[in-house]
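Just so you know, the protein sequences line up as chains V and C, in that order.
Going by my numbering, the residue at position 233 of the first sequence is 1557; the numbering climbs one at a time, nothing skipped.
Going by my numbering, the residue at position 194 of the second sequence is 1518; the numbering climbs one at a time, nothing skipped.
One or more of the hints may lead you astray.
Any copy will do: because identical chains look the same in the list, a pair fits if it lies in one copy or spans two.
Claimed, not checked - Simulated crosslink set (DSS-like; lysine-lysine; CA at most 27 Å straight-line):
1. Lys1676 with Lys1629
2. Lys1503 with Lys1681
3. Lys1399 with Lys1649
4. Lys1629 with Lys1399
Source of the hints: derived by calculation from the structure; they are not laboratory data.
Values in this document were obtained by computation on a predicted structure and should not be read as measured data.
Here are the chains, one letter per residue:
Protein chains: 2
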Amino acid sequence: MGRMLLQEAANYAIETYILESDPDCPSARLCHHFIQGDIRNYEDVLAFGQNLDVLTIEIEAVNIEALEVLEASGKTVVPKPAVLKIIKNKILQKEHYRNHQIPSPAFKTTYSIAELKGESDFLPAVHKIAEGGYDGRGVQILKHPSDFEKGFDTASVLEKMVDVQTEIAVMVAIDLNGKLVLYPAVEMIFDPYLNLLDYQLCPVNLPEKTRWKAEAIAVKVAKSFESPGLFAVEMLVDREGGVWVNETAPRVHNSGHHTIEAHITSQYDMLWRIMLGYPLGSADSISASSLVNLIGDKDHSGNVKYEGISEILATENVYIHLYGKAQTKPGRKMGHITILGRDRIELIMKAKLVKEKVKVISQP
Amino acid sequence: MGRMLLQEAANYAIETYILESDPDCPSARLCHHFIQGDIRNYEDVLAFGQNLDVLTIEIEAVNIEALEVLEASGKTVVPKPAVLKIIKNKILQKEHYRNHQIPSPAFKTTYSIAELKGESDFLPAVHKIAEGGYDGRGVQILKHPSDFEKGFDTASVLEKMVDVQTEIAVMVAIDLNGKLVLYPAVEMIFDPYLNLLDYQLCPVNLPEKTRWKAEAIAVKVAKSFESPGLFAVEMLVDREGGVWVNETAPRVHNSGHHTIEAHITSQYDMLWRIMLGYPLGSADSISASSLVNLIGDKDHSGNVKYEGISEILATENVYIHLYGKAQTKPGRKMGHITILGRDRIELIMKAKLVKEKVKVISQP
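All chains should be modelled from the sequences, with the hints used to inform the complete structure.
Rendered as structure tokens:
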């Protein structure tokens, strides 16, 4: 995500700084100044931000205390560190939704498996670790009491299972003055095994009323954080048309990759406009789109090799983004492919073709 | 141009190297390896290319001998150095068109002003220095014998003046196997004082027959060089509908900047596809577009300051590209702005607005 933000940064007259522990990370060679350091370390983040004007993040797992000090010293931090504090911890995030009357599945907090075992009446439910989950890790589906052993023996959220019809996301952009635009909703089709996005479609196939409801909720969520930034609001639509907030990412997000080609203003450009104090761009779509994540093959670890790229590039309206990660491992996000098309059938067909042809494996 | 090529490079799993004398150049911080050196120096270019797989250029004024040695040693050089040799020298370029029966204005070669003075019968004409001209420099319009003193006292081309109705350019892409696609023609409106592009429009406002003729000529030109690459063929359309090749740039070109947002495959992505041996992308347009170059104000030199950016970013369908050059000077290309729109009127109006609002000046 940092890499794509830097690709867009080159359109503005700005100097860019990246803090990362891995000097071979995808962003290292696309910025003016690469600073090696741990984003979770107080001293590292503080030192990093000292001479900068504006800071942002691409992952919530950063040292928030340091960002708070930087913000207090007058730096613009997008989103505000207070938002990260809430979102980073799923218990706080769920309480935030409840306190703001934002529809989100009913939940309990648990701190041990022993405690979890007393919640048989609450099943089926989803157990989510409060901190540190990412990309499908830190989430367990608990259907029967026999599943309790799969739960987390630490601070977690136990969430009532929603009878999901569709998973969607709406991205909201809020500028430094509180002005707001929202991107059309996207629909996410998940891989049932990896719990990772299989492919994504825009626009969504939902009744207008449900879309409006989702948009209203997304706006409410984004506003509730009282911060400039991008807010990717992930929602669950149930079989009765009910819309429930699953979680929010206060940053550029996987569900917005397609905006690079398919929308007037990409999420990356939008974030720069916010950070630089420029007017927001239009979030309207130029074309319907689908998006496929390129995920490390489950049987491969090591130096990455991409198969099928040439074949896919021969397909019209297909855009490839490889993230420049040297090493692949099972389930790792290594790139994505955006497809523009006229209708849903074409978009799904091409997404399936991409998934069939493109393989992220390791070199022998 | 290198900068935009690098922005696009980040979508592929490749390692990038840049050779440039200025370590603060726009490309320096967007590549994996910046090598300081003189692109006109034989040793520098040879050493630079030694361990690379594929090389390209963003300006013709490079050391061609070194590129020839690299090519002979098995490197892929796009375009072939032999093409650069022809194009770099306007006399050779004109002879090339003549030898290939490509329509281009009648010409004579001159080597001194004394010699030039014997060509009164050839006026009105355009005098172009054979080597080293760039961005409007090295070109003089000679209408009367009294203008001869403005000519060049060195190897030059004296070209019959065409009664120009419209200046256009057609970009042709040829892959390593000789497959070819062409971008729709663009129309260029020049600033009569600076001899620099004022704004550019796509599509062109020309009869279908004239467009076809121009496309056929552009294909003929591109093929005549017998090399993979991008070929921006600049042509003059006279008042009788005649089409004349003005000159060709065998590389990414100013006349293709709009392809980033307005076409399915940008010229930058197209060149990567060529260099990496991938299939060519579609060159079709997504939207009509206009393009304005951001040029250093004639009264300003020094640390650059951009005025009016915020106002322009509030206009819908406007895309800004600043090249990250620290210093402005009169007539220097500092960035460009692409505008998407429904019709010619809207595109011209917005181009005029950009030119009125955005100023590239120096900091006080």
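Against the structure, the hints come out as follows:
| no. | hint | result |
| --- | --- | --- |
| 1 | Lys1676 with Lys1629 | within (20 Å within a copy, 48 Å between copies) |
| 2 | Lys1503 with Lys1681 | between (42 Å within a copy, 23 Å between copies) |
| 3 | Lys1399 with Lys1649 | between (31 Å within a copy, 26 Å between copies) |
| 4 | Lys1629 with Lys1399 | between (41 Å within a copy, 22 Å between copies) |
In the structure shown, no violation is registered for any of the earlier numbered hints.
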